[in-house]
Amino acid sequence: MPKALRGVLIPLTVLLLLLLINVIKDVDFLDISNVNGALYGNIPNILFGATELVIITIGMTLVTSASGGQDISVGVVATITSAVFIQALAAFGPVSWLSVAGALVVSCAVGALLGLFNGTLVAIFRIQPMVATLILFTAGRSIAFLIDGKVSPNLKNAVTTQIGGVIPGVPIQTPIILTVVVIAVFAVLFKLTNLRLYTQTVGINEKAARLNGIDPVKVKLLVFVILGICCAVAGFISVCKNERHDSVNLLKLIEMDAILAVALGGNALIGGKFNLPGAIIGAYTIEVLNRTLLRFGISPDAIKAVKAAFIIFLMIVSSPVVMSLLDKARGKIAGRLEKSASDKYGGPKTEGA
Amino acid sequence: MTKLKENRVPLSNANLLFIIAAVILLVMYLFAIALFPESFTQPQTFFDLFNNNAALIILACGMSVVMIGGGIDISVGGVCGLVTMSCAVFLQSAGADVGRSVLLALAIGLAFGALQGFLIAYLEIQPFIITLAGMFLANGVMTIVNSTPIRVELPAFVALFETKLKIAWLGTVNRHGMFIPCKISISMLIAVGVIVAVALLLKWSRFGRNLYAVGGNAQSALMLGINVKRTRFLSYLLCGLLSGIAGYAFLLTTAAGNVGNASGFEMKAIAASIIGGTMLTGGVGNILGSPIGALSLLTINEIIRAAGIDSNIQTIISGFLLCFFIVLQSVIIWLRDRSGGFKLQRPPWLKASLRTRDGEAP
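Residue numbers (our numbering), protein chains in the order written: chain A, 1 to 353; chain B, 354 to 715.
One chain only, chain A, in its complex shape (with noise of 0.2 Å):
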């Protein structure tokens, strides 16, 4: 088997089965219509629903690889950057391509921030990361709506609109298109630094990185602030395709399915080398279960509990005692099977000797 394949295999092979499950329910599952010169369906939907999920399970992951926690707090970031994106944007008075543009970088600035922030209390004062980004992932809604003047502020303009939706002539959704370039920017960056070496190594053994020279506090800071640019992006889109800041509600809950896609794509939660390839896939997977759970009439309520029951049996599947157990069963059964070989076959060969 291709090693590019191996890391995939999981979060694959689970995107295909439910495919698979929503292709036997509905046969016209994967039909693709045009509307007004934009493509629609069940695949394109999915692809622009996960849009934000993807974003940010790529700076989860970086983050999981570097400090071997998880930040809780990404869905309440974004909410935040997306409450000064709206301040921000309505600061720079006419709405336009470019105010838009600065707009969104003021609140990548501050996503930056909130990534130093949380970054700092772990690489520096040395605190668990989930700790750490407790303080943000309780705090931080009530940040967002005082940012918002305690109102949820609406988002509706010709320029916001096409992020969030299409723009005439393409046809395809803005946040897909979005999607497409944050992983290919991710791809160049990894291709050009040394990033993925660093962060690996950190995450594997710190004393070891820095006597080869890396920096661990550097290098946790840096995918810190990373993960608080994607969060910051990610509630950018967001608000872009819901038109309204709604800081109550806003990406509820996609820490635990960014988690969860990190996880599926077969990353180690503890930390050390990662697969981003499958994280992404394991991002589409989370969505696509979404998606087949809402379809087969289950609420969105119960959705929470199926996917915490989810996460808790992944975790026992590949806790290191279940691991071990799995090991030695492998063993034994090679054991017989070769046992019952070299009685088939004559024996074993040192007889022979």
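Check before you lean on any hint, since a few could be wrong.
[Stated by the list, open to error] Coverage of chain A stretches by chain B, computed from C-beta distances (three or more under 8 Å per stretch; other residues unrestricted):
no., region
1, 126 to 135
2, 142 to 148
3, 253 to 262
[Claimed, not checked] Here are the simulated distance ranges between beta carbons:
no., chain 1, residue 1, chain 2, residue 2, range
4, B, Glu477, A, Phe29, 39 to 45 Å
5, A, Ala91, B, Leu688, 42 to 48 Å
6, B, Phe532, A, Ala309, 16 to 22 Å
[Said to hold, decoys possible] Over 12 Å on every C-beta distance to chain A, these chain B residues come out as not near it, computed from the model:
no., residue
7, Lys517
8, Leu554
9, Ala660
It should be emphasised that the hints constitute simulated quantities derived from the structure, not laboratory data.
Since this is a predicted model, take the numbers as computed values, not measurements.
Beta carbons: idealized from backbone N, C-alpha and C, even for Gly.
Fit chain B to the supplied structure of chain A, relying on the hints for placement.
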């Protein structure tokens, strides 16, 4: 000078953190009295902090137990909410009685504690992930059980809900010259009982001492022949049980089930434990610190509410406090590692004041 060195009794980390917590609570309360004298000088205000927030105090106790053992439990708030909702639904159904609803609360708490404890202790999975999943699981199950607000109207329960103990010798005189004694609710009694029981358990039982050993250094504890896995499992079991009790205490304060019940309690409980001097790294902590930490947090919230500031500020301030104390702990650990010993030296100003008290020239 040599005599001074011999006399020096270093404060250990646990005591230092505990004293900081107690001083902060005292300062905070005095500050509150200075700001709002007419409300905070009444003893009833202090008891109401306890009466209305018994659930949080119990949760902080459970959280401290797990944190002393070197773990963490994010699911406490979710389990507490689930228990409240389940018991409310049960009490509203036909043929329910109070006794069985208590059993239901304890059973749900124990079930979550046993499941998470088994996965964390025996399968060696990271406590964060499992308890985060546990929190979402409890939340999801709660909305499946019932998603509309529900009020408990069972006469036996309402009687229990309205039972208030009166302290005859403590109270305030109102404008008409009538003496109003202080009232204590059942949930406060439960909270006090839990604090005392857990404090005794940690101080005097084999499990308690094992827990400190496991949290301090699991490897050494294993070499001493302590059953590390069982101790960890029991700590999560105890925390789950306390979450169940807290859920019932919450029901006793609100007499209603609501989807938003006990949301955000996990952060408040962690903050209360940390302010109360329990170390995130495990092995250090004092159960009596958790109610003190919780009360400090509640006093601040009460001040904010009395000042009429936006309630969103309360959450932000809680988060800020948690951040401050986490950083403080981290600095203390750094100092401890740098000085190479477990003890912190007394600050110079304290040394100077002690010297003058002993009658020596500074």
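(message) Given a hint of 16 to 22 Å, does the C-beta separation of Phe532 of chain B and Ala309 of chain A actually sit inside it?
(response) Violated - the Cβ-Cβ distance for Phe532 of chain B and Ala309 of chain A, about 56 Å, lies outside 16 to 22 Å.
(message) Holds or violated: the 42 to 48 Å window for the beta-carbon distance between Ala91 of chain A and Leu688 of chain B?
(response) holds, 45 Å
(request) Examine the region 126 to 135 of chain A: at least three residues should have C-beta closer than 8 Å to a C-beta of chain B. (result) holds (count 8)
(message) Does Lys517 of chain B clear chain A by more than 12 Å, comparing its Cβ with all Cβ atoms of that chain?
(response) holds, 32 Å
(request) Look at the Cβ atoms of Glu477 of chain B and Phe29 of chain A and judge whether their distance stays inside 39 to 45 Å. (result) Given range 39 to 45 Å: holds, Cβ gap about 41 Å.
(message) If we take the beta carbon of Leu554 of chain B, is the closest beta carbon in chain A still more than 12 Å away?
(response) holds, 25 Å
(request) Could you let me know if the closest chain A CB is still more than 12 Å away from the CB of Ala660 of chain B? (result) holds, 16 Å
(message) Under 8 Å between beta-carbons, do enough residues of the region 253 to 262 of chain A, three at least, approach chain B for the coverage claim to hold?
(response) holds (count 3)
(request) Can you take a look at whether the region 142 to 148 of chain A is actually covered by chain B? Rule is 3+ residues, C-beta closer than 8 Å. (result) holds (count 4)
Checked against the numbered hints given earlier, this structure breaks only hint 6.
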